[in-house]
Amino acid sequence: MPELLKIKNLQAEIDGKKILHGLDLQINTGEIHAVMGRNGSGKSTFSNTLMGHPAYKISSGEINFNGTVINDLKPNERAKLGLFLGFQYPLSIPGVTVASFLRQAHKALKGDTASPRDFRKLLYEKMDDLEIEHAFATRYINDGFSGGEKKRMEILQMAMLEPKLAVLDEPDSGLDIDSLKLVAQSINKYKEKNPQLGVLLITHYQRILDYLRPDKVHVFIDGNIVESGGPELAVELEKKGYDWLAEKEAAKA
Amino acid sequence: MALELNNEYQYGFHDSEENYAFKSVRGLTKEIVLSISKMKNEPLWMREFRLKALEIFYKKPMPKWGDTELLNEIDFENIFYYVKSSEKQEKSWEDVPKEIKNTFDRLGIPEAERKFLAGVSAQYESEVVYHSLREDLKKLGVIFLDMDSGLREYPDIVKKYFATIVPPEDNKFAALNSAVWSGGSFIYIPPGTNVEIPLQAYFRINTENMGQFERTLIIADEGSSVHYIEGCTAPTYSSDSLHSAVVELIALKNAKIRYTTIQNWSKNVYNLVTKRAVAHEGAVVEWLDGNMGSKLTMKYPSIYLVGERAHGEVVSVALASGSDQHQDAGAKIIHIASNTTSVITSKSISRNGGRASYRGLLKVHKGAKNVKSTVKCDALMLDEISRSDTYPTMEISEKCVQVEHEATVSKIEDEKLFYLMSRGLSEEQAKLMIVNGFMEPFVKELPMEYAVELNRLIELEMEGSIG
Ligand SMILES: Nc1ncnc2c1ncn2[C@@H]1O[C@H](COP(=O)(O)OP(=O)(O)O)[C@@H](O)[C@H]1O
Ligand SMILES: [Mg+2]
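As given, the protein sequences belong to chains A and B, one line each in that order.
Residue 215 in the numbering used here sits at position 215 of the first sequence, with consecutive numbering throughout.
Each number in the numbering used here comes from the position in the second sequence (counting from 1) with 253 added on.
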């Protein structure tokens, strides 16, 4: 499988505070990687840095996405190359409907000229796939949405924009077990239809991995990957917690 | 101006039927007022009304609120108070500022309409459209005329209602308008009549649409309804620096009036407008007011809820763009009767050093029981150098009143930009999307063609606002 994402020695900071300490990671086309870590370990810093959030500065290292070094690209340029970020905290944009937003994003990324009617048809198809009610198309983006609805709308956006790599930042956080299942099923459904899609799934809990079988699991502590393994690593973490790895790290230092 | 109708009208200079020997002079004198009245061949009561108003204008001080600094810059001695159409036509296309011409270009305004908007052509007409409209309205008994013709043809109705809502004593600019008014619309809707299509100011014939001192009077008789639209999104160039209109609306029992205005004056214009409505029992009055352009706009559409169960609503949007621009706009609602309700929604955007102020009054008279009101004003500032202020006033003299008031001032947050950009939108597109979303509560109330135009205009305004 060809390389999709290759990160070498990535160091990043925010407000002069160093958060990522020399991270290496490689994801190939079609693979699902899970990054697991405690709150505050730097997972969102990592996802924001990948997508090009202007507040996060790369102080050294390289992000190579599908053959292009994207360190200096704007978020929209990265999106155009096929990178997608599902936000941990999706933002609401009052007054802008989901449909008009997605139409413009679709146009920007795919340069298409689908008529409003054809676009709506496509949108409804994707909504049907993910069992999202059509009524959401005319609602304002994330305005008054429940936690679960927001997360599922992120998956809908992914399905509409058809990225090569989807970075999903805690799609499971703050959800009850039923919502979690719905979100996981949405991701699965889309992934089944699009086996080429690479997924970087960032999560705090092991539970979502019951639904989404990762090829690789990485453990994130203090802004770096300290351990990598297969799906069994997630199970081990669930049993033992993060402490043993943190101690192991501390011993190394 | 609905762009869709572009190819349906022709324009042309109108031969003046009247041939008065009148030479406009600067400054305001009794002689000027008398000659305006004479030229219009007005009844005696109107002439006296004008003269009385002139006295009031002389005596009244400038408002001591609003942008007093800019107001005091107005030089009343250096203004033409009445310019006949024939004189107006002498202005040439070459005099129209380049930036206005450019905007016409980019908005795709056709040649004919440009000249009209630029004040080069005094009027333009849609004989065909207007004619059939007039026939339909006539069958319904609807009167839709310019104010001058209204006074000539329906002196009794005009006399009964004229200046009953905005008397000349109200403020200096209302007095000024009362003394020198010309043009504007006169509309009367008979009882029980629902006018389905919006009445648009520019269908009026033989009048100065963009008059300096317009006077509009709308009476919706019992159980009738009407939607009136004036203005357009394209920039309106005027060499007259002072525009001061008066609008009076009267919604009788169970009647409904919606009044939509979109104004985009050139940057030399003071736009000081007194708009006021009275809603009788069970009546509904809605002001939709969009303000762009001008140097200083001061405009606070008001509604007096004088009958039980009357409802008043003001939705306004102001865009202040550039350090030479101040939009001081808002709303006033006065609850006089019981069980009356009101909603004020105000949205302002300031950018490039522009200044937007919200000034509002919510008043509940003693004895007005069970009143409900919601006031929501949101300001969006697009950069650090712009300014936004709110001056809300509440005078509530009753206990049993339910008032909600909410005011927000926001900036375009980096997180939102990042969110939208991560979906492929450029920074400019992302900002525009947030601004459009902000304006949506106003835009969604507009007829389609106006909404499209307004969005396009905002897009133009926003261009180059980055970096
Ligand atoms: N905008 C910010 N300014 C300063 N520190 C930040 C900012 N965002 C995150 N951090 C810090 O970076 C560290 C990692 O946070 P984050 O990446 O959100 O972790 P996670 O997503 O794993 O919970 C935390 O110590 C947090 O306080
Ligand atoms: Mg996080």
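Where hints are given, some of them may not hold.
As the list claims (entries may be wrong) - Straight-line Cα separation of at most 30 Å, DSBU-like style, residue types lysine-lysine; simulated pairs:
(1) 110(A) to 697(B)
(2) 664(B) to 150(A)
(3) 74(A) to 664(B)
(4) 625(B) to 585(B)
(5) 6(A) to 669(B)
(6) 121(A) to 585(B)
(7) 283(B) to 312(B)
(8) 6(A) to 74(A)
(9) 625(B) to 191(A)
Unchecked claim - Away from chain B, derived, C-beta distances all over 12 Å, residues of chain A:
(10) 2
(11) 9
(12) 24
(13) 26
(14) 64
(15) 77
(16) 87
(17) 126
(18) 143
(19) 179
(20) 181
(21) 196
(22) 207
(23) 227
Claimed, not checked - Output of the computed footprint for chain B on chain A, the stretches with three or more beta carbons under 8 Å from beta carbons of chain B:
(24) 88-99
(25) 113-125
I should point out that these hints are in silico values taken from the structure, not numbers from a laboratory.
Quick reminder that beta carbons are idealized off the backbone N, C-alpha and C, glycines included.
Which of the listed hints are broken here?
6, 9, 15, 16, 18 and 25
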